[in-house]
Structure formats: C-alpha cells, structure tokens
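Engineer: Please assemble the complex out of the two chains, which come individually in their own frames, going by the hints.
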Amino acid sequence: MSSETLLQVRDLGVTFQSGSRTTVAATGVSFDLRSGEVLAVVGESGSGKSVSSLALTGLLPPPPSCVVTGSARLGGVELVGMDEAGLSAVRGRRIAYIFQEPGTSLNPVYDIGFQIGEAVRLHRPEEADVRAAVLRALADVRIDDPARVARSYPHELSGGMQQRAMIAMALACGPDLLVADEPTTALDVTIQKEIMDLLARLRAEKNMAILLITHNFGVVASFADHVQVMRNGRIVEQGPTAQVMGSPRDAYTRGLIACIPRLGEKRRRLTTLKDELRAS
Amino acid sequence: MTQPAATLLEVRDLAVHYPVRAPWFFMPAPQPKKAVDGVSFSVLRGQTVGIVGESGSGKSTTGKAVIRLAPVTRGAILYGGVDLIGLSPADFHPYRKRIQMIFQDPYNSLNPRTDVLGIVSEPLEIHFPGMSSAEKEARCEELLLAVQLSADDLRKHPHEFSGGQRQRIGIARALAVQPELIICDEPVSALDVSVQAEVVNLLQDLQDKLGLTYLFIGHDLAVIEHVSDHVLVMNAGKIVEQGPPDAILGNPKEEYTRRLLAAVPRF
Chain A
1 MSSETLLQVR
11 DLGVTFQSGS
21 RTTVAATGVS
31 FDLRSGEVLA
41 VVGESGSGKS
51 VSSLALTGLL
61 PPPPSCVVTG
71 SARLGGVELV
81 GMDEAGLSAV
91 RGRRIAYIFQ
101 EPGTSLNPVY
111 DIGFQIGEAV
121 RLHRPEEADV
131 RAAVLRALAD
141 VRIDDPARVA
151 RSYPHELSGG
161 MQQRAMIAMA
171 LACGPDLLVA
181 DEPTTALDVT
191 IQKEIMDLLA
201 RLRAEKNMAI
211 LLITHNFGVV
221 ASFADHVQVM
231 RNGRIVEQGP
241 TAQVMGSPRD
251 AYTRGLIACI
261 PRLGEKRRRL
271 TTLKDELRAS
Chain B
1 MTQPAATLLE
11 VRDLAVHYPV
21 RAPWFFMPAP
31 QPKKAVDGVS
41 FSVLRGQTVG
51 IVGESGSGKS
61 TTGKAVIRLA
71 PVTRGAILYG
81 GVDLIGLSPA
91 DFHPYRKRIQ
101 MIFQDPYNSL
111 NPRTDVLGIV
121 SEPLEIHFPG
131 MSSAEKEARC
141 EELLLAVQLS
151 ADDLRKHPHE
161 FSGGQRQRIG
171 IARALAVQPE
181 LIICDEPVSA
191 LDVSVQAEVV
201 NLLQDLQDKL
211 GLTYLFIGHD
221 LAVIEHVSDH
231 VLVMNAGKIV
241 EQGPPDAILG
251 NPKEEYTRRL
261 LAAVPRF
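Top to bottom, those sequences are chains A and B. Numbering (my numbering) for the first sequence: 1 to 280. Numbering (my numbering) for the second sequence: 1 to 267.
Read the hints as simulated data drawn from the structure, not as lab findings. Wrong hints could be hidden among the right ones.
Calculated pairs, BS3-like style, for lysine-lysine (alpha carbon to alpha carbon, straight line, at most 25 Å) [to be verified]:
1) B:LYS97 x B:LYS136
2) B:LYS238 x A:LYS193
3) B:LYS64 x B:LYS33
4) B:LYS253 x A:LYS193
5) B:LYS209 x B:LYS238
6) B:LYS97 x A:LYS266
7) A:LYS266 x B:LYS64
Computed from a predicted structure; not experimentally measured.
For reference, chain B alone in the conformation it holds in the complex (with noise of 0.2 Å):
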C-alpha cells in the first residue's frame, strides 16, 4: 500500500454486561454476566481483523456490539472518529449502511417465504427509498453475479439452494447498500470444508476489488491467521493477546493461546 491505512473503526474498553435476576426478589440480586469486559482494538480500512475464541468467550457479542445488536454497558466505538454509543436511532440510521453483518447459520438467516430479489433487495428498500422497482432488480442482479450466482436464481426460494449458496446470498444481501465495513460472525463455520475454501476466497477477492473492511469472527484457528491482518484472540470476555497472525498464532505468548493451538488436528 502506498500510504498508510486509515483507522475505520476504533473500540475502547468495550463492556458488555447482561444483568442476572435474582432467583427470589427478597434475595440480592447476583453479579451481572460480563459477556464483553474491557475490549480495545482498532480496524484500519481494507484490512482483516480476526476475532478468535472458544464459544462464550465473548467474541459475537463484541461484533454484535458494534451494531447495536448487543447493549453497550461501557466503552466507546469509534467509526470514522464519531463514538457510535451515544447517537440517537436517527443518527444512527446511516450507519447501519455503512456497517454490514453476515451470519454463521445460512439456514435461519434467510426468510424462508420470501424469493432472492426479496432478500437481497430489502436492505435497498431501507436505505434507498427512491429506488424503483426496476433499477432494485438490476442491481440484486449484478450483487447475485458478483457472489458468483445467477440471475436466474432471483426468483428462487432460499430452500432450493445449498448451504454455500445460502451463504453467498447473505454475503449479498450485506453487499446491496455499499457498506464500507462488514462483521462476518462465523460465517464458514456452518459450511463443508470444500464450500468453506470458496466462501473465503469470495470473500477475499470481494475485499480486494471494493476495499472491503472485516471484522472477521472465527473458533477454526487456521481460517482466522489465514485471512487476518491482525488477530485478537478473546477467552471469558477479555482479549488475551493481539498483533499479526503470525506472532500470535505462530509464537503465542499466553497460555491460553497455546493450549487452544494444541487442540487443533494437524495432518
């Protein structure tokens, strides 16, 4: 890169902490489940920033948290240099199309009643109302042959299609409104190992024709190092350690770190 990158998105001592009810209302109410305690990072633009952890480590709910997906308990994110936690649904309105989201579960993140044009053009209905029907359907068509489909698939229903394909409608649906940052939650974690390597691959040549930003959220070591810039790996609620895959993957520094690298089969 011939200048450097620019900060996109900075999170500063993110909390996010659910409160547990009291079994009994005369009893003290227990402590509240910190699922995010204290978590600071930043994301350049273009680049890949992979989250690693093992289930209830926190690492959804961060990427969650930065759409409003999870309620903020403390902290501060940073978009563009605008702290997101204190905006009003209004203003925050036009983020939402700047920031994307794809899902692990190609199967649940679909409406199962609604065609492909339905899915992919709902996001346009949003955030371009002044669209009219014909120019959606032209543009749905392009995002399809951009995630490698065809447009003869618009009118088809998410149950005619295989997992890798359900997940490249997802991919675009996240890419119909032009959104500069996207957070792929485990979104090849559901796929066979061969649609697994197509998916990625997709992902990364999408990111290097329009200068896509991830926040990209992984339990597969080896998926995470190969398509970050820079990894956090996260264990109950806290970033354990960070830097380029292969200082933290390669010559881990934690414990925590090598005893999840053991676990991974090598062949």
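Bound conformation, chain A alone (with noise of 0.2 Å):
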C-alpha cells in the first residue's frame, strides 16, 4: 500500500446560518487519508457526518447561509476557499460520490449508458470512445450484460443494479477518493454483502481511497482500516478499527457497538444509547 497521503483534512468546520440562528454541524475534524485506505465515518443522523465529506468539493450551499472553516488538502492542493471552476474540476473527476438512495440520484428520462457516459464526456474530454468507456465502467462493476444495462432506465433495474450503475458512473472518470453516504442502507442484507464485497474489489484493484459514511457499525468491521465516530459534529474517537472496535474508549462508541442486535444472542431488551451512557 502507497503511504503517500491522499487527503490531509484540518480542523474542518462546517457553519449553517439562518436567520439569526447559527448552527454547527461540524467543528474540529481532522485526519489523514492514504491512497487504497477506507475510513469508516460512524454517527447518528445529525452527527455532521455527511457534511464533511460534502464541504470538500462545496457540494453545500454558498456563504453567508453556509461557512466552511480549516483546510483539506488534497494531494497538497487546498479545496476549501477554492473557485467554482476549480473545484468542479475535483468533482467526480478526482472525488466522487455515492449515495444512500440510487433510485434518487438516478435521472428517470434517461438510459444508463447516457448517464454514465455524460459524467465521462464532461470529465474526460479526451476520451475518443465514450460507448466504449461506459461498458468498460459497467463491466468494472461486475455487470454481466453490459450493452444490455447502458440501454435501460433506471425504473427497469432492481435497487442493487442501480447502486452498481451509481458507483459505476462514480468510477468512470478513475477517481483517488470515493465518498460512500450510506450506501447500502436501502438494501436488502444479501445485495448489501454484493455491494461492500465490489467497493472492497474495487478499492483494491484501483488503489483508491474510500471515505465510507453509515451509521451502523455492522458493516465497518470487515471494510474499514480506521474508524472516525463522530457526535453532534465532533469527533469522539478515533483509529484502527480493530482498536476502536475492540476496546472502544468512549462510552458513545460502546452505545453505537452495543445497541446492535445480534444473531444467536438472547436478550431480553437491547441495550441503548442511553444505557450505555447512563453506565458510565
């Protein structure tokens, strides 16, 4: 594994403004991400976590009703202050993203391959072949009938064809980082395994790094390298994730762990949050 650091992220802040009413939704974040890594971003709804990872590439809305603080270099380049034709150049180009629901952020009135071949025409201008390049994205993603997805609508395929068409599209332009908002929480557990053992394939295959966003710990343990919890827009704890997963520190981290049921483990209640916090 290159040791190179892709992204270096610095107490990075994230200000809503409405009104007379502020709101932090991140404050403080820092870390270090290699190319090939994956870093896990665990936390509640509302906990900041989807925000960082959106004011990287300015996807939030303009200042003054939003106000991004700190510093994230990318490959040495800063991204925050950036202009919006710099950082469009970023977008999808170098980061990319998947989301929760594929079903949404798919367009309805167009096929697949116009789809994914629009984000290679705009980011890829030199590329001679586009069809070519669009069933060579969708072969990536272990597609089996490539000509066959690139000529249908997003209403003809099942959830898990749709998140692979997404990351398919997210990975026709060779990203370094993938953004990954939850993206198997709408899915079945059988098209969940599917889709965590492609980005693991793919993360391997491309040394590209994955930022890895949920709120279920399930799905860290076997992906992840380090782990980031995060809460009412800080981070709480941080590190390997064997390390945080094993003997976690904070008493919010051993909620987030405990409150999941598992199988062949009788209990008479689940053990909450509120629990956990409440023991410590």
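Structural biologist: Right under this line is the structure:
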C-alpha cells in the first residue's frame, strides 16, 4: 500500500446560518487518508458525518448561509476556499460520490449509458470512444451484460443494480477518492454484502481511497482500516478499526456498538445508547 | 404462560396474484405476477411472528393481505375463527379496529399538514364516533405518554420530530383503537441503529403491558430473531421454512436461509 497521504483534513468546520440562528454542523474535524485506504465515519443522523464530506467539494449552499472553515488538502492542493471552476474539476474527476438512495440519484428520463457517458464527456473530454468507456465502467462493477444495462432506464433495474450503475458512474473517471454515503442502507442484506464486496475489490484494483459514511458498525468491521466516530459535529474517537471496535474508549462508541442486535444472542432487551451513556 | 395460548390468526394457502397486461391487445396476456403463492401459518395470541426475506419475497404483501390492502386471489384468513376473505366491507369494518398496522417510512406515513392530535385521533373518530373532543384529547395524551413522548407534543406537526419520534407517533396512532393484532411492516428498517434499539424495546414493553400480538415484517435477521416467537423465511412468494427462531436462524435446514445468514456482517 502506498504511504503517500492523499487527503489531509485539518480542523474542518461547517456552520449553517439561517436568519439569526447559527448551527454548527461540524467542528474540529481532522484526519489523514492515504491512497487505497478505507476510512469509516460512523455516527447517528445529525452527527455531521455527511456534511464534512460534502464540504470537501463545495457541495453545500454558498456563503453566507453556509460557512466552511479550516483546511482540506487533496494531493497538497487546498480545497477550502477554491473557486467554482477549480472545484468542478475536482468533483467527479478526483473525488466521486455515491449516495444512499440510488433511485433518487439517477435521472429517470435518460438511460444508464447516457448518464455514465455524461460524466465521461464532462470530465474526460480526451476520451474518443465514450461508449466503450461506459461499457468498461459497467463491466468493472461486475455487470454481466453491460450493453443491455446501458440501454436500460433506472426504473427497469433493481435497487442493487441501480447502486452498481451509480458506482460505475462514480468510477468512470477514475477518481482518487470515493465518498460512499450510506451506500447500502436502503438495500437488503444479501445485496449489501455484494455491494460491499464489490467496493472492497475495486479499492484494491484501483488503489482508490474510500470514505465510508454509515450509522451501522456492522458494515465497518470487515471493510474499514480506520474508524472515526462523530457525535454532535465533533469526532469523539478515532483510530484503527480493530482498536476502536475491540476496546472502544468512549461511552458513545460503546453504545453504538452495543445497540446492534446480533444473531444467536439471547437478550431480553436490546441495549440502548442511553443505557450505555448512563452506565459510564 | 399458565394456559396454552389460543390461535388469533390463521392464514391458509394464501395467494396474491397481480394480473400483468399484455403489451399489445392482440398478444396473449402474460402469466400473473405471483407476489404471494400458497402461504400458511398461525399466530398465537400475545406472541410475535416474524417474517423475513429479501425485497420482492412477498413478506409485506402477506401482511397487507391480512387487512385487505392487497387483493387476495385464493386462500383463507381466519381471525378468531372467522374467515375475513368473504366478509362484506361493512362486516369487515370492526376488524379494522382489531387489526392495526405500522409502516416502514415514518416520513411518508404521517400527514404533514395535520398536528399530532389530528393524526392520533383520526382512528378514534372512525371507530368511536361518540367520543367528545375532550375525551379524544385525553386519550391522545395518554397514548403519547405510552410511547414516551410528551403531552406538549400534541400540537406539533410531523416535521418537528426526528425519525424515531415519528415512528412513535405511528405506534400511538395504531394503539389508539386498542387493537389486538398489529402488523409491523419494517418498523425499524429506516431508523438509525441507536433509535432502532429504542423502538424495538418500546414495542416489546407495549406487548407485555397490553397483551398485543405482532406480525413483524423485516429484512434484518438479528432483529427478527430478537423479537420473534416464531419465524417465517420467505422467498419468491413462498415460505422457505418456518419454526422457532433459534432452530431456523441457529440451525437452518434450507440453503436459501443459509445464504441469507451468510450475508449478515459479523463483528
């Protein structure tokens, strides 16, 4: 694995301003991410886990309604405060995103091939054969019949296939970093396993870094190298996955792990976050 | 339990087939889509039967068929010995009070323009038309306290609540008419794991206190194992296997169940 740091985030903060009300969505977020590495950001809804990754490429409302502070350097280039032209060269091309609901991220009136092709035409104008690039991207995500899927419209595909198509679109331009924001939350366990296995293989093949955002420690254990636990916009704990999950220091981390029901475990009641926080 | 529990619901050879239209009028109509095809099981009073399966397995359709939200092609649904299938809408009406449902998506199953009082008291208006407004409000307050919300929440609207709180409002609405059976259609699938644990505990506390019977539909095997007294594994409209949760999920006989179990992340 390359030890070169791809993304260096220091003291990143996101503040929303609405009228006279100020909401700090994230503050003091710092981490390093190397090529080929997977960092999982774990937290509940509203913990600020998504907002810091959206801030990387300016996918938040413009100031004054939203202010991003601190520093995020991708390959040494500062992203915070970069102009729109610079950001749009990074977005999609170097940092790509996949989201929770593939059905709502795809455009219902264009076929899958056109939508992947759009990303290629925009970010890699030097590519002569767009169609070949599209079919290659679909084959990369282990779709058996790329030509048929390229002709399909989103509603003709299952949730798992839609998410594969989204991943193909994200990877068509060979990004250095893939931000996967709850990529399997809306999917069945069997499809979840297929998608996570696929992401693990692609990361190894392409030496791509992945920022995995999730509320479920279950998917983190087998997949992430490092874990960052967020609560109310702050990082409460971070470290290697085995260490954080094996001997969590923070009561909040322990609570998030303890509240997941496990197979074969007979308990009268499920442990809640409140139980764990009260105990400490 | 001191005496053997009585059967509350018995489903026999249930089938829900949706007709598929031919693409052109001169073509023969294709085979109907068999969403549920020959499903039989019983639910004992005061117990929880869990149905687990992937999307498209027919698990939700089975639950919906019990309260006529899906058209039944064939079979019998015996509720306390009475077959619900043949009943006229007027004769079925009292069963709508005895059987309630809570839904997966707490964001889409509550009317955004009505306050909590309006949402929770709507079933009271239908099933207890004689109740005065003061009585209804008192009953709604009691229900909110039962689901661990506060009486102050009565005048708020759904957008002021988090996902977990909205699911509690959905549960309060289902409890309003004092049902016997609640069909829980993926009640915790859309929630954070931390909130999921709270809602699951709440449903179990309410069951103990009120003697409720649940038909609990889900895709998370660990949740289903935790809540159920009896588990059905469904695939492609049929029951693959059924039995007590430790036998089915601890020592599955069918290849399909093993495959489902293998996909669950372990840590």
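Engineer: Please go over all the hints and tell whether each is borne out by the structure.
Structural biologist: Comparing the hints with the structure gives:
Our distance criterion of 25 Å between C-alpha atoms is met by LYS97 of chain B and LYS136 of chain B, whose separation comes to about 16 Å. For the hint linking LYS238 of chain B to LYS193 of chain A, the alpha-carbon distance of about 23 Å falls within 25 Å, and the restraint holds. Taking the CA atoms of LYS64 of chain B and LYS33 of chain B, the gap is near 16 Å; set against the 25 Å cutoff, the hint holds. The straight-line distance between the Cα atoms of LYS253 of chain B and LYS193 of chain A is roughly 22 Å, inside the 25 Å bound, and the hint therefore holds.
Between LYS209 of chain B and LYS238 of chain B, the direct Cα distance comes to roughly 33 Å. Violation of the 25 Å bound is thereby established for this hinted pair. Distance check on the hinted pair: LYS97 of chain B and LYS266 of chain A sit about 33 Å apart at the alpha-carbon level, beyond 25 Å; violated. Annotation: proposed proximity of LYS266 of chain A to LYS64 of chain B is violated, straight-line Cα distance about 30 Å (limit 25 Å).
Going down the numbered hints, you'll see the structure goes against 5, 6, 7, while the others check out.
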